[in-house]
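Keeping the supplied structure of chain A fixed, place chain B upon it in accordance with the hints.
So the chains spell out like this:
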Amino acid sequence: MSWDQILNLLISALFSIATLALISLGLAVVFGMMKIINLAHGEFLMLGAFATLTANRLGLPLWLSMVCAPVVVGVIGLVLERGIIRHLYGRIIDTMLATWGISLVLVQLVVIAYGPATQGLATPLGSFRLGNYSVSAYSLFLVAAAGGLVVLTYVLFMRTKYGLMARAASQLPQTASALGINAGRINMLTFAVGSALSGAAGALLAPVVGVVPSMGMAFIAKAFMTVIVGGPLVLSGAMSAAALLGSVDNVVSYLSTPFLGQGALLVISIVLLRLMPNGLSGKWRRQL
Amino acid sequence: MLQVSGLHSGYGHKTVVNDVSLQVGSGEVVGLVGRNGVGKSTLLNTIMGILPVQQGSILLNEVDISHQPSYRRSSYGVAYVPQGRQIFPRLSVLDNLRVAAIAAKQNLGSCVEEVLAEFPALTPKLQSQGGSLSGGQQQILALARALIIRPKLMLLDEPTEGVQPSIVDVILEKLGEINKRLGIGILLVEQNLEFIDVLADRVYVMDKGTVVAHLPAGAIMNDKRVQHEYLGV
Numbered sequence: 014m015s016w017d018q019i020l021n022l023l024i025s026a027l028f029s030i031a032t033l034a035l036i037s038l039g040l041a042v043v044f045g046m047m048k049i050i051n052l053a054h055g056e057f058l059m060l061g062a063f064a065t066l067t068a069n070r071l072g073l074p075l076w077l078s079m080v081c082a083p084v085v086v087g088v089i090g091l092v093l094e095r096g097i098i099r100h101l102y103g104r105i106i107d108t109m110l111a112t113w114g115i116s117l118v119l120v121q122l123v124v125i126a127y128g129p130a131t132q133g134l135a136t137p138l139g140s141f142r143l144g145n146y147s148v149s150a151y152s153l154f155l156v157a158a159a160g161g162l163v164v165l166t167y168v169l170f171m172r173t174k175y176g177l178m179a180r181a182a183s184q185l186p187q188t189a190s191a192l193g194i195n196a197g198r199i200n201m202l203t204f205a206v207g208s209a210l211s212g213a214a215g216a217l218l219a220p221v222v223g224v225v226p227s228m229g230m231a232f233i234a235k236a237f238m239t240v241i242v243g244g245p246l247v248l249s250g251a252m253s254a255a256a257l258l259g260s261v262d263n264v265v266s267y268l269s270t271p272f273l274g275q276g277a278l279l280v281i282s283i284v285l286l287r288l289m290p291n292g293l294s295g296k297w298r299r300q301l
Numbered sequence: 073m074l075q076v077s078g079l080h081s082g083y084g085h086k087t088v089v090n091d092v093s094l095q096v097g098s099g100e101v102v103g104l105v106g107r108n109g110v111g112k113s114t115l116l117n118t119i120m121g122i123l124p125v126q127q128g129s130i131l132l133n134e135v136d137i138s139h140q141p142s143y144r145r146s147s148y149g150v151a152y153v154p155q156g157r158q159i160f161p162r163l164s165v166l167d168n169l170r171v172a173a174i175a176a177k178q179n180l181g182s183c184v185e186e187v188l189a190e191f192p193a194l195t196p197k198l199q200s201q202g203g204s205l206s207g208g209q210q211q212i213l214a215l216a217r218a219l220i221i222r223p224k225l226m227l228l229d230e231p232t233e234g235v236q237p238s239i240v241d242v243i244l245e246k247l248g249e250i251n252k253r254l255g256i257g258i259l260l261v262e263q264n265l266e267f268i269d270v271l272a273d274r275v276y277v278m279d280k281g282t283v284v285a286h287l288p289a290g291a292i293m294n295d296k297r298v299q300h301e302y303l304g305v
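Going down the list, the sequences are from chains A and B.
Residue numbers for the first sequence follow the working numbering, beginning at 14 and rising by one.
Residue numbers for the second sequence follow the working numbering, beginning at 73 and rising by one.
Looking at chain A on its own, in the form it has when it is part of the complex:
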């Protein structure tokens, strides 16, 4: 292997890892902190992409449009939590049914507003040469942005008062409330944070995937796989799973075809969960 081949493979592996990290981050927060199985997670990503597209078409520069997405999706998440999800805490099947219903409604609303066709959003930043390869500069930006979002999430949950209360409430809700923590308010904020992270992920992915109302479907299975393989630790678990699954997907895709890469991702998830039923972070002694 020549140096440019190795570098190119490395960049594409980082890109796969960053994509998995992005699509699973919001889900990891909502599932890990609140034990909510949000089947509308893919649609939150989709809404982030459409929010970016819309803001961009209204004349905002692309970067600014991307910043709008987490705000818009965070507010949508907040409204859905207050209106529907908060009535279903502790009822896991009911929550799944409700969020699945929400996902269908969201997809249809977007189809009504934008039509079912794929919308284009030009990939910014162009590309540069690396030996015999051409590398998209945006893919490097996406890797950096994913890293930034992970750090932001870490800081939010480990360094703020809200984060400490959210971690306490997620570990022992009754004790937290006996100490004076309003778990309802914390849940509302956590759901909004998870939604905003999904919105940001959708915005970042919008220029590299087709923006289409059904795009959530393409992400949700991978997002759940990453979160479940990651295990109980919200951030270190899910991000390690993203690193592992992303690398496997990428190496197998490189050696064979992307189709087999996806297959390998599924096989390794099943094998891992067979060997470590509590996920990668099941026995780790970290805090997040």
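Think of the hints as simulated: they come from the structure by calculation, not from any bench.
Some hints here could point you the wrong way.
Unchecked claim - In silico SDA-like pairs for lysine to any residue, Cα to Cα no more than 25 Å straight-line:
1) 174/A to 245/A
2) 197/B to 175/A
3) 174/A to 201/A
4) 177/B to 168/A
Unchecked claim - Among chain A residues calculated to face chain B with C-beta under 8 Å, some are:
5) 149
6) 172
7) 191
8) 192
9) 300
Cβ atoms here follow ideal geometry from the backbone N, Cα and C, with glycine treated the same way.
Structure of chain B alone, referenced to chain A:
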């Protein structure tokens, strides 16, 4: 301070606590004894709002808190040290204390420092995870965490359960100090009658969800009939 009148509570439609009335005066230590499953923990959980009141009332300093949400009750000056201690397992010892201070909107630095001065044994453990502490250390942390909110009344559910004897003595001594020096009232659920005898002024005996006897603390040590009939001793 605490006045419980005609209280019924339980799980769903099932009633576990049946027509309980009791009082704890300001700065008083009151014991609550009875066999396993007679409703002592259910009663404490109801006072803290973790379980709903089905009938009757709970007054704290003359304020009816029967229907206040759980998270508001600590602001009336009541702190809870539940059974099994309920230390946040994946928070550090320091964060277990800080989260209580934040929830009670206390000044973070000073109240954590005060509590550490009270329980110096916690200082070397501050960065350890709550779940890694021994039962006795967790119990001390649970007491410290309850003190953070500067309560007027503490509800303690079996503070000596699963704690090695040397630490039982430490806890006994600390509770005595908390009561005498800080003037904090205590409602103490405990199986260890000697522990109750040293600390409590009076004792309520519960059986089948209701209060069946109310005695001075000294009397229960001598009353073999009550011990046999209601405590299975």
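Keeping to a limit of 25 Å between CA atoms, is the pair of residue 174/A and residue 201/A held or broken?
15 Å, holds
Answer holds if the nearest beta-carbon of chain B is closer than 8 Å to that of residue 149/A; otherwise answer violated.
At about 40 Å, which exceeds the 8 Å cut-off, the nearest Cβ of chain B leaves the hint on residue 149/A violated.
Was the hint right that residue 191/A lines chain B, CB cutoff 8 Å?
5 Å, holds
Hint check: is the beta carbon of residue 300/A less than 8 Å from a beta carbon of chain B?
5 Å, holds
With the threshold set at 25 Å, check whether the alpha-carbon distance from residue 197/B to residue 175/A stays at or below it.
Roughly 24 Å separates the two Cα atoms, so the pair holds.
Taking 25 Å as the top limit, are the C-alpha atoms of residue 174/A and residue 245/A close enough?
22 Å, holds
Can you verify the interface hint for residue 192/A: is its Cβ closer than 8 Å to any Cβ in chain B?
With a closest approach of 5 Å, the residue 192/A hint holds.
Straight-line alpha-carbon gap residue 177/B to residue 168/A, limit 25 Å:
The hint holds at about 21 Å.
Closest C-beta approach of residue 172/A to chain B relative to 8 Å, hint status
11 Å, violated
When each numbered hint is compared with the structure, violations occur for hints 5 and 6.
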